[in-house]
Amino acid sequence: MSKLKRSLKRPKFTKALHQAPGTMTYVGNKETKETLLEVIDYNKDHYQRYTSTSPEDAFKFEEEQNTTWINIDGLNNTEEIEKLGKYYDLHPLIMEDIVNTGQRPKIDEYPEYLFIVAKMLYYNGDGSINNEHLSIVVGKDYVLTFQEAGGDVFDGLRERIKIGKGRIRSNGADYLMFALLDAVIDNYFAVVDDISDKIELFEDRIFHARTEDNLVLEIQELKRTILRIRRAVFPLREVVNRLLKVNHEIIEKKTESYIRDLHDHMIQISENIDLYREMIRSLLDMYMSTISNKMNEVMKVLTIMASIFIPLTFIAGIYGMNFEYMPELQWKYSYFVLWGIMLLLFIGMIFYFKRKKWL
Amino acid sequence: MSKLKRSLKRPKFTKALHQAPGTMTYVGNKETKETLLEVIDYNKDHYQRYTSTSPEDAFKFEEEQNTTWINIDGLNNTEEIEKLGKYYDLHPLIMEDIVNTGQRPKIDEYPEYLFIVAKMLYYNGDGSINNEHLSIVVGKDYVLTFQEAGGDVFDGLRERIKIGKGRIRSNGADYLMFALLDAVIDNYFAVVDDISDKIELFEDRIFHARTEDNLVLEIQELKRTILRIRRAVFPLREVVNRLLKVNHEIIEKKTESYIRDLHDHMIQISENIDLYREMIRSLLDMYMSTISNKMNEVMKVLTIMASIFIPLTFIAGIYGMNFEYMPELQWKYSYFVLWGIMLLLFIGMIFYFKRKKWL
Amino acid sequence: MSKLKRSLKRPKFTKALHQAPGTMTYVGNKETKETLLEVIDYNKDHYQRYTSTSPEDAFKFEEEQNTTWINIDGLNNTEEIEKLGKYYDLHPLIMEDIVNTGQRPKIDEYPEYLFIVAKMLYYNGDGSINNEHLSIVVGKDYVLTFQEAGGDVFDGLRERIKIGKGRIRSNGADYLMFALLDAVIDNYFAVVDDISDKIELFEDRIFHARTEDNLVLEIQELKRTILRIRRAVFPLREVVNRLLKVNHEIIEKKTESYIRDLHDHMIQISENIDLYREMIRSLLDMYMSTISNKMNEVMKVLTIMASIFIPLTFIAGIYGMNFEYMPELQWKYSYFVLWGIMLLLFIGMIFYFKRKKWL
Amino acid sequence: MSKLKRSLKRPKFTKALHQAPGTMTYVGNKETKETLLEVIDYNKDHYQRYTSTSPEDAFKFEEEQNTTWINIDGLNNTEEIEKLGKYYDLHPLIMEDIVNTGQRPKIDEYPEYLFIVAKMLYYNGDGSINNEHLSIVVGKDYVLTFQEAGGDVFDGLRERIKIGKGRIRSNGADYLMFALLDAVIDNYFAVVDDISDKIELFEDRIFHARTEDNLVLEIQELKRTILRIRRAVFPLREVVNRLLKVNHEIIEKKTESYIRDLHDHMIQISENIDLYREMIRSLLDMYMSTISNKMNEVMKVLTIMASIFIPLTFIAGIYGMNFEYMPELQWKYSYFVLWGIMLLLFIGMIFYFKRKKWL
Amino acid sequence: MSKLKRSLKRPKFTKALHQAPGTMTYVGNKETKETLLEVIDYNKDHYQRYTSTSPEDAFKFEEEQNTTWINIDGLNNTEEIEKLGKYYDLHPLIMEDIVNTGQRPKIDEYPEYLFIVAKMLYYNGDGSINNEHLSIVVGKDYVLTFQEAGGDVFDGLRERIKIGKGRIRSNGADYLMFALLDAVIDNYFAVVDDISDKIELFEDRIFHARTEDNLVLEIQELKRTILRIRRAVFPLREVVNRLLKVNHEIIEKKTESYIRDLHDHMIQISENIDLYREMIRSLLDMYMSTISNKMNEVMKVLTIMASIFIPLTFIAGIYGMNFEYMPELQWKYSYFVLWGIMLLLFIGMIFYFKRKKWL
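Residue numbers (the numbering used here), protein chains in the order written: chain A, 63 to 421; chain B, 63 to 421; chain C, 63 to 421; chain D, 63 to 421; chain E, 63 to 421.
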């Protein structure tokens with residue numbers, strides 16, 4: 063129907079049916095020609111950016127002092143990803159989750175790294191929402207991010223790393239993880255803000271639209287959108303909450319207050335989503351009562367017209383009868399008297415409907 | 063009504079009323095002529111498959127190094143099952159649960175084995191859903207599975223064991239249990255995907271159907287289906303969650319991450335079910351407001367027709383009266399003047415309805 | 063209204079208003095002439111049954127090796143019950159609860175015995191549901207049961223004790239308690255099954271009934287019935303759950319797995335009740351949309367009839383006018399031309415309504 | 063609207079706005095001329111009752127062996143209450159809560175006493191519900207109760223203390239507290255019973271009432287009443303639950319089982335309230351579908367009448383036309399033939415509506 | 063729409079999109095020319111008040127014995143606030159939260175101070191609600207409060223400090239914090255009271271209004287207002303609850319009972335909000351059923367008028383036909399007989415509708 067719907071399409075799980083567990087199968091809808099690698103290697107004083115299409119190129123960035131962020135675009139080339147996974151010793155089930163776009167946001171703790179799944183929601187140029195699967199592996203001095211296709215919410219972060227603005231360059235991989243999640247969550251605010259605008263727009267449309275034939279459909283569409291956004295956002299709240307409690311050596315003490323800040327944001331978004339969800343539910347009530355109100359008005363017009371003219375027509379019918387002996391027909395003023403009676407009836411009716419507040 | 067309904071029929075518990083506890087009574091609807099046994103015995107290097115109709119044939123597969131999977135099809139022959147139960151020393155209450163198809167998914171821990179009840183949901187050839195009671199007993203080196211009738215979701219698994227693909231052959235009975243549950247859960251995805259397709263189909267039908275007389279019935283049917291699927295799926299989530307926490311010697315350390323993966327899948331399905339459930343609820347709202355909308359349209363047509371022609375008919379009635387003294391009747395152009403007046407009235411009405419946005 | 067309602071009548075608590083706490087007041091609706099005692103005394107090899115109307119007769123069954131089940135029918139004779147209570151040293155608040163039929167299911171633990179309140183739901187011969195207050199006191203080697211009136215769900219159990227079938231004779235008072243609760247719960251299944259049948263019946267009636275005037279009332283009745291059943295069943299689930307955790311010397315180790323089985327059954331019934339409750343809620347939706355649909359159909363017929371004939375009547379009215387100068391009246395074929403015009407209008411209307419899918 | 067509403071009026075909190083915390087401000091609606099004191103002093107063998115209007119008179123009842131119950135009627139005379147508060151060393155915040163009738167039921171534990179706030183609900187002589195703020199301070203050998211105005215639910219208790227019936231005289235202040243709460247809760251049963259009666263009355267009215275114009279209003283009124291009762295009752299359940307767990311020297315061991323009994327009653331009332339709340343919600347559904355049903359019936363009558371007579375009127379209109387060449391007009395039997403045709407049409411219509419089950 | 067809505071406008075989070083975490087960006091709607099500082103320095107015997115526009119002026123109030131309250135009005139001048147933040151060593155994330163008006167109420171504990179975010183809700187002079195972001199930093203002997211603009215709920219508190227009324231002057235910074243929160247919460251009562259008045263007003267309007275076209279819109283507006291109030295109030299309840307449990311040296315023992323009192327008030331408000339929310343939901347039901355009822359009445363009038371006069375008009379039409387052979391036309395009294403028949407029909411119809419209770 064709308065662009066929203068298409069972009070929030072559910073993955074077809076049946077693609078992966080009857081396969082051995084741990085098998086990598088990309089179930090998403092975004093096919094890319096090749097897998098693109100982007101490596102950003104930095105510390106307080108050093109910054110290097112490198113792009114490639116072969117995973118092997120990433121393995122040389124291995125200095126202890128530096129933080130290395132390797133971003134992979136394109137998941138349908140499972141062999142390439144497998145190579146990277148083997149190099150960094152990722153568990154087969156992680157490999158499966160990276161390409162399984164149906165996987166809900168979660169966090170898995172392994173001795174050497176943390177594995178986080180999240181969903182990026184952001185606006186495309188044409189106004190449609192992009193719902194993209196994002197996997198993050200955070201190690202001691204590296205961060206791997208896996209995305210379905212090019213285009214993401216990290217451009218501001220890339221810029222901050224490059225020009226060394228903010229705290230990013232003087233902190234390690236755990237802070238980079240926080241900054242990535244922070245960018246993801248910031249975009250949730252934008253998407254949720256947009257829903258709020260749409261709700262206000264609908265309220266106007268419900269009361270002023272000419273033909274409201276497909277409004278229900280559109281309200282349902284909005285409802286479905288917020289349900290799907292909710293599904294992307296709410297599990298991430300638990301992920302962030304878990305990050306607060308996890309006692310992993312990768313996460314340094316000073317990063318914790320930033321993660322608490324993330325958690326605050328997640329709660330704020332969650333509350334907004336539930337608020338807007340309730341408002342959307344109200345939209346339908348409004349719409350239904352507006353229809354009822356309009357039907358009521360239609361009925362009133364019909365009833366007033368019919369109630370006034372049907373009796374009058376009956377009277378006219380009486381004197382249209384062809385009986386030979388109808389005394390009134392011969393009286394001279396009966397025609398005018400009849401007009402008077404009909405006028406009185408008319409006025410009486412109008413008065414009656416006025417008193418009933420129908421007019 | 064539909065095939066769905068029939069296949070998801072509830073068992074009649076009254077069959078088992080007034081019996082001593084622990085009495086085996088098959089309450090399901092699938093009668094089979096005889097109980098079929100299938101034994102698959104394997105280890106890393108060895109594979110043997112054997113079928114029989116007498117339980118005694120299963121007892122000879124007893125080597126410590128091998129994993130033995132004994133699958134029983136057909137539950138109405140309770141004596142045969144009792145023999146097997148006695149051989150493996152199963153508790154009388156387990157025996158009762160194996161044939162009680164009304165038993166919800168659960169896990170019971172015994173010193174020597176784990177007992178799991180699950181529900182298989184899968185599509186028959188004719189598109190109807192099959193809801194089949196499945197009991198799994200997992201011992202140190204054997205797995206017993208009990209099904210109501212032939213036909214299940216384990217063909218892919220059987221194939222993987224046979225050709226030795228994946229991790230199945232190099233792992234023990236606990237991994238086999240995981241693989242069985244994984245196959246069961248994978249089919250939930252297929253069933254739930256289908257519900258999602260049906261919901262989209264309904265949205266189209268609601269807006270384009272000619273006669274929508276039985277749509278409510280069908281929406282209710284869909285609602286009931288998802289409620290019944292929910293009942294099969296949600297308790298299994300708790301079973302898997304319990305498997306994560308159970309500290310039983312049968313379950314080896316390395317299998318745990320696979321069970322965690324199962325748990326992820328169960329949460330994903332549960333969320334999908336609740337999402338679709340909410341969407342189905344919305345379908346009814348959509349349908350109701352569509353009916354209201356259509357009724358509104360019908361009312362408008364009636365009101366417009368009546369409001370325009372009833373007053374005009376009244377006027378025509380007036381001049382059909384047979385009074386002797388009606389001056390207008392003699393005037394030469396009064397007929398044409400009347401046509402003019404009626405035309406003006408007509409145009410005025412049309413204008414009025416346009417302004418009210420009814421036209 | 064229906065028999066259901068009458069039999070599930072709430073007790074009038076106001077009967078017991080302004081009384082000292084611990085005062086025994088029977089608030090139920092079932093008056094019996096006298097209190098009937100039934101004593102069943104048994105062990106592995108011994109069985110004796112004895113009935114009486116005076117409580118003192120029960121006190122002689124006092125052998126350590128035997129299990130004694132004393133069943134009391136009729137609660138309005140509070141003095142008789144008080145005698146028994148004093149003999150077995152029951153707490154005054156227990157005595158109050160035994161005759162207070164408004165007491166919800168609960169379990170109280172005392173050093174010497176357990177006190178359980180439950181509700182028996184079972185069908186009378188005439189198809190109405192009987193909701194009866196049942197109190198169970200379980201001691202070391204005796205079980206006391208108090209019922210409002212004769213007639214209960216324990217006939218199967220009595221038979222099993224008599225003929226020594228099953229495990230009952232070789233187990234003690236705790237197993238007897240389990241067997242009593244098991245009989246109570248088995249009957250819940252029958253009652254809930256019946257609700258399910260009624261729901262299916264209603265679905266048919268909603269779509270095929272001639273006059274549906276009192277369907278809402280009946281649906282409400284069904285809803286109320288399930289709400290009341292729920293009230294009898296859900297607290298008992300907690301009682302059974304508590305029995306699982308209670309660490310009382312009366313309950314032997316081997317009985318525990320049977321109580322776990324009870325708990326499984328209670329969860330199953332609870333889920334069924336909630337499922338049927340949701341289905342009943344859907345019935346009302348179905349009914350409402352069916353009414354709307356039918357109203358829509360009525361409106362269509364009216365609109366089609368009126369829209370076709372009102373304009374035609376107007377045309378006929380025009381040529382019924384008595385103006386002297388109406389040129390058409392004199393033309394020879396104008397009558398037939400008019401018929402043609404009216405036919406065209408008629409066909410046009412039919413075509414219009416066909417396109418709107420009203421026909 | 064009704065008396066119910068007036069008596070359950072919310073206190074105006076704005077009275078107390080912009081005041082320092084701990085300031086005593088009576089926000090209720092019941093003004094009394096003077097504060098009335100009633101002192102009941104008793105032990106096993108001794109009973110004395112004394113009334114006064116000056117708080118100082120209460121201070122002389124100070125014997126260790128006796129239990130002293132001081133009941134104060136009238137809260138708008140804050141200075142008098144303050145004197146008493148100072149004598150018994152009550153915390154300023156307690157003093158504030160005693161006169162703040164908007165305070166919800168709660169329990170505060172202090173080293174020397176317990177402070178309990180509850181709401182008395184009981185029927186006035188004229189059938190309206192009285193919702194009265196009650197504060198209880200329980201010390202070692204005294205109980206203070208503060209009420210808004212004269213008239214309460216403790217007359218039965220006063221009588222029992224006077225004549226020494228029941229356990230009251232042989233127990234201390236903690237049992238008196240239990241007896242007071244028990245009297246409060248007993249009256250909840252009466253109020254809730256009355257709601258249940260009203261619900262049944264409404265069901266009848268919905269189906270048999272002549273003009274149902276203000277039924278919605280009354281149903282809403284009932285809904286609001288139960289919501290307000292709920293607010294008085296539910297927090298008290300937590301108070302009683304807290305009393306069960308509090309480990310205060312004032313509460314003796316033997317009183318605990320009585321408090322457990324209170325808790326049972328509170329749960330029972332809570333469940334009844336929620337049940338009736340759901341039933342009230344159903345009343346509105348019933349009412350709405352009854353309206354729909356009646357509208358449907360009205361529509362049917364209209365449609366039948368219009369569909370039968372509009373076409374017939376059209377036919378009559380045809381032969382009322384004044385064309386010169388209308389061959390049928392001259393045929394001798396055409397009038398009778400027309401009557402035949404119209405009769406056939408009439409019968410056909412009746413038959414059609416019968417088949418549609420509208421007649 | 064209404065003033066309410068405008069004043070409860072959500073902040074635009076998109077303002078702060080793509081910024082580094084910890085960046086101060088004011089996202090609210092209240093722009094002030096300059097930041098206003100108000101310093102109140104007091105102890106038991108001393109009181110001093112000082113206002114300024116430069117933060118540096120605040121730093122000189124630094125005596126151990128005194129409590130210093132520094133209130134800052136205006137948040138869009140982020141540099142000024144940053145100076146103050148640096149002086150008091152506030153964490154960057156606190157600085158961000160102070161100006162982020164979208165931040166929900168929360169409490170953060172730091173070693174040196176507590177940081178509390180709350181929302182002030184109060185009425186402007188013109189009757190609109192003001193929703194203002196308030197940040198409170200509580201240190202050992204100072205309290206900082208940050209507000210969006212001038213005008214707040216603390217005037218009563220300022221007066222009490224000035225004239226030394228109540229406990230405020232003899233207590234420290236923790237009691238000042240309590241007094242601030244108490245003032246904030248007291249105003250919630252006023253706002254919630256107003257909602258309750260509006261609900262009662264709506265009930266009247268629903269039943270007596272002439273044109274109810276925009277009532278749904280206004281009910282929705284009220285619903286949205288209470289949802290937004292809820293969002294301001296509920297998180298603060300958790301803040302107060304946390305304050306009860308926090309074990310921070312700043313909060314003295316004697317202040318705890320006051321905080322417990324705050325918590326009581328928060329629960330009371332929360333319950334009121336949920337009660338009114340449910341009542342608002344009921345308003346819509348009432349409105350819908352009122353519309354249905356009115357439509358029913360309209361339909362009845364139409365049906366009665368049409369059912370009476372359409373058959374009569376048909377009869378009149380019959381005798382307006384121009385057949386040559388219509389025997390009745392010549393009979394002398396047929397006109398009067400016909401009037402009789404029509405009168406009988408009329409009376410019969412009236413009788414029929416009376417019996418149906420439509421009249």
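It should be emphasised that the hints constitute simulated quantities derived from the structure, not laboratory data. Nothing here was measured: the structure is a model prediction, and the numbers come from that model. Ideal placement from N, C-alpha and C gives every residue a C-beta, glycine not left out. Wrong hints could be hidden among the right ones.
Reference excerpt, derived from the structure (chain E facing chain A, CB under 10 Å, subset only) [unchecked claim]:
1. Q165
2. I372
3. E390
Checked hints:
1. Q165: Since the shortest Cβ distance to chain A is 7 Å, the answer is holds.
2. I372: The hint holds - E:I372 has a Cβ within 10 Å of chain A, the shortest such distance being about 7 Å.
3. E390: Given a least distance of 8 Å, the restraint on E:E390 holds.
This entry satisfies every hint, going by the numbered hints stated previously.
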